[in-house]
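Chains A and B supply the protein sequences, listed in that same order.
Start counting the first sequence at 1; every next residue gets the next number (the UniProt record's numbering).
Start counting the second sequence at 1; every next residue gets the next number (the UniProt record's numbering).
A few of these clues could be false.
Said to hold, decoys possible - Partial pick of chain A residues on the chain B-facing surface, computed with a CB cut under 7 Å:
#1 Gly456
#2 Thr484
#3 Val488
#4 Glu489
#5 Ser562
Hints in this document: simulated from the structure, not taken from any laboratory.
Please read these numbers as outputs of a predicted model, since none were measured by experiment.
For every residue, glycine included, the Cβ atom is placed at its ideal position computed from N, Cα and C.
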Amino acid sequence: MKKGIFICHCGTNISERVNVEHLKSVLESEGYLVRDHLFLCSQDAKQLILNFQDEVDGFVIAACSSENHENYFSSFIRKPFVIINLREQCSWPHADRKHATKKAEDLIRAGINKLPYIKKPKTVKTKMEESVAVIGGGIAGITASIELAKLGYRVYIIEKSPSIGGKLLKFDKIYPLNDCASCVISSLISEVSAAENIQIHVYTEVEEVSGYPGNFRLRLRRKQTYVDWEKCTGCGKCIDACPDRAKVPSEFDDGLTFRKAMYIYSPFAYPKKAVHDPEACVNCGKKKIGTRRMLRSGKEYQTPCEKACPTGAIDRSKNWNPEGEIFEIRAGSILLAMGYEVMSKNSFPEFPSHLPNVVTGIQMERILSPTGPTGGELLVPETLRKPEAISFISCVGSRDERYHTYCSKVCCMYMLKQARLIKERNPEIDVFIHYIDIRAPGRDLEEYYTLARKLGIKILRGRVGNVEPLNNGKLRILGFDSDTGDPVEYTADMVVLATAVELRESERDVARKMKLDIDSSGFVKEKHPKLQTFETSIDGIYLAGCVQGPKDVTETVLQAKSAALSVSSFLGKGEREINIETFIDVEKCTGCGMCIISCPFRAITAENDIPEINPISCRNCGICYSVCPVKAVDMATHGKAIEKELEGLKA
Amino acid sequence: MRTLNLDMKNPGLKEEIENDGGYITGCIQCGACMSICPVAISGFEFPNKRLFKLIILELEREVLEHRSPWICISCQRCVHVCPRNVNPHSIYFALRRYQSKQFRHPRIFEDIVRSIYQYGFVIEPDNSKRRELNLPDIKLGKEELDEIRMLMEDSRLRILGII
Ligand SMILES: Cc1cc2nc3c(=O)[nH]c(=O)nc-3n(C[C@H](O)[C@H](O)[C@H](O)COP(=O)(O)OP(=O)(O)OC[C@H]3O[C@@H](n4cnc5c(N)ncnc54)[C@H](O)[C@@H]3O)c2cc1C
Ligand code: SF4
Ligand code: SF4
Ligand code: SF4
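Starting from the given sequences, assemble the full structure and let the hints guide the process.
What follows is the structure, given as structure tokens:
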């Protein structure tokens with residue numbers, strides 16, 4: 001059997017450390033057909049390979065990781081082939097040329113040994129569900145849903161809070177044009193709510209994800225609200241009846257205000273329905289959740305909130321069910337759009353974060369918003385007086401080895417935005433921004449920054465080392481200005497900490513349920529940082545918005561629309577071909593069941609002791625192959641062939 | 001190095017310099033003006049951008065004490081390189097006027113002005129050396145000198161009492 005060995009230089013990526021000439025002469029002298037190329041993934045290298053398609057029985061492609069180009073090579077190589085990774089495994093990790101070349105030779109020999117044992121996997125076709133589960137109802141999820149619905153797919157939006165809209169509902173204006181954030185998101189909300197093929201599940205969380213690309217099954221949990229949303233009109237009477245004692249920090253105002261145990265998520269919540277929070281409830285009506293109390297008249301006694309509701313939507317006698325209502329949906333594709341959270345100000349002992357006048361960027365958004373605690377008037381949280389000076393501190397928790405090393409990307413711009421809004425409305429207020437670098441790349445952003453300077457916002461390069469509370473309730477800022485080269489100090493009424501944008505552990509868990517990777521910054525990892533920025537390692541699961549990393553609205557929307565398009569090209573075919581790599585030779589099988597218990601994806605089932613692999617659940621991990629005592633399991637390329645590859649390495 | 005107290009500000013400073021010398025808030029602290037300023041290059045402690053930052057921070061006291069505006073030789077190179085059209089040179093001159101108004105100019109400036117008022121020259125002309133070298137005397141005629149004096153009397157220098 002004649003074997004063709006094609007060695008790639010990858011520019012100098014490989015040839016710098018691996019002596020290609022040496023490999024060529026050694027292998028050629030042993031009778032192999034050997035060719036090398038500067039870029040084996042180029043069009044003319046393709047021609048080179050095609051020229052030998054009839055002359056050889058198989059190819060060893062010695063190039064880069066099979067992750068990169070396996071699909072590409074298999075698109076035109078008709079003979080069996082093995083990819084050997086010289087780049088990531090030889091030239092990149094080894095400095096010594098001799099050593100790298102020796103390793104390259106060993107690996108190529110292992111590949112030669114493997115080649116005859118490669119079999120073509122079988123393929124089966126499955127039909128795909130024409131629906132998409134969009135997890136997260138922020139601007140990313142909403143935009144993508146609208147696009148998908150337009151393309152004719154059934155869309156389920158799954159939102160964990162009681163309202164869709166995400167962060168944009170909390171903002172007053174958004175850069176770069178300072179347009180009204182609510183207007184941007186509200187019109188989209190009305191579009192999704194009117195779309196016939198979009199179903200919105202709010203107050204709902206993902207419990208479990210199973211199935212496979214094209215046919216995912218999501219087990220969802222609708223948290224219990226104790227309010228019949230069919231009946232609730234959002235009038236808010238129950239909230240008036242709920243006593244002040246039943247107060248907890250409001251999620252919508254990021255803790256700047258309180259909400260009661262009966263609450264509506266926000267003034268512009270969609271859907272605008274009341275929620276009862278049993279954990280905040282103080283049982284003012286002396287009728288514990290899940291109990292009934294009968295009056296002497298035989299009628300049921302009602303708590304104040306139940307009584308207040310004009311439509312009789314509230315029912316506290318319902319048993320508390322921590323599980324909520326579990327239901328299942330099927331979706332051909334999943335889009336993760338779970339957004340982000342900013343770090344809490346309490347994560348930073350170096351700032352007096354316990355003080356009410358020290359706030360996060362998101363809290364400042366609420367203070368500036370007309371739906372916020374002060375109706376949009378800029379007041380110091382503690383005294384409710386107008387501030388004279390406000391200090392913004394950037395990179396709090398970002399670009400910091402102790403917290404997150406990445407740049408949160410939006411903070412520079414939103415600090416400038418907030419500073420501008422303050423200065424435009426109250427020119428007499430002194431606004432300081434302390435920064436490490438101002439990062440304002442992108443359309444209109446530099447102009448935005450310049451305008452901020454011209455408005456007289458005082459922008460100081462250098463970190464703030466200390467914020468001291470003073471006796472009069474003000475704050476002493478100790479910083480540094482590298483422009484003048486001097487330490488600076490002044491008093492401010494408020495400090496805004498631009499705390500890092502991060503993904504919460506609960507959201508990472510949802511991603512892990514789908515076996516997705518989390519990157520070193522804690523966000524959900526895309527498939528390729530440049531070419532596949534919204535695809536994931538699992539076909540049919542896509543990403544949009546800040547779940548993948550910090551982004552502004554422009555980028556979020558761009559990514560959401562691209563992801564929607566990808567979902568549609570994925571599902572559009574209607575059918576999917578699945579490679580079956582693993583099979584069981586029932587003749588050899590003794591029915592011991594080892595494979596069944598060891599399969600991590602529960603892909604193997606048995607009837608009458610005859611095991612069968614469900615090709616759809618199987619991920620070709622090879623565990624069944626390795627545990628089968630009688631070698632009844634075989635795999636197209638990952639079983640015997642790998643053993644032979646290892647043998648070749650030993651030789 | 002001392003700590004700058006940003007509370008001790010006078011917004012009037014920035015306003016006046018801006019009206020007189022141009023849009024200083026456009027300065028992004030890039031330092032281009034310093035990179036070509038001959039005075040800065042020749043080793044004077046001449047941090048233009050520091051001075052501009054002090055104006056932006058409205059720190060009048062710091063600015064009033066600054067000696068740099070008086071070292072500028074008006075070559076205007078900075079004007080050409082500033083990427084923000086700030087015109088550092090005109091700001092320097094606005095600063096000279098600002099400092100003079102508050103008697104914070106260098107003492108030697110007054111001596112020079114008075115010398116010009118008296119002789120029409122920066123220094124008192126000493127013609128004896130010139131005669132040894134067979135050079136003609138330099139001397140302003142009464143008319144010319146009167147004209148210079150008139151111009152000077154008409155300026156702020158008189159209001160300030162420097163002449
Ligand atoms: C203070 C601040 C100001 C900003 N100002 C601007 C600006 O002016 N201009 C600009 O372009 N950008 C701005 N940004 C960035 C902007 O907020 C983001 O680009 C945008 O919100 C990203 O949208 P998203 O849909 O990815 O996330 P989000 O808006 O966070 O939406 C995510 C949604 O998913 C839901 N969710 C989360 N986890 C789950 C789960 N497990 N299951 C179901 N649902 C879940 C959330 O409840 C939320 O509704 C700002 C950011 C900050 C921090
Ligand atoms: S009183 Fe009833 S209808 Fe009104 S918001 Fe509350 S639950 Fe809804
Ligand atoms: S005009 Fe003055 S400040 Fe500008 S470069 Fe010349 S000497 Fe320097
Ligand atoms: S060149 Fe212009 S922008 Fe740069 S520091 Fe000088 S004045 Fe400022």
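Which constraints among the numbered hints does this structure fail? Numbers only, ascending. When the structure is compared with the hints, only number 5 turns out to be violated.
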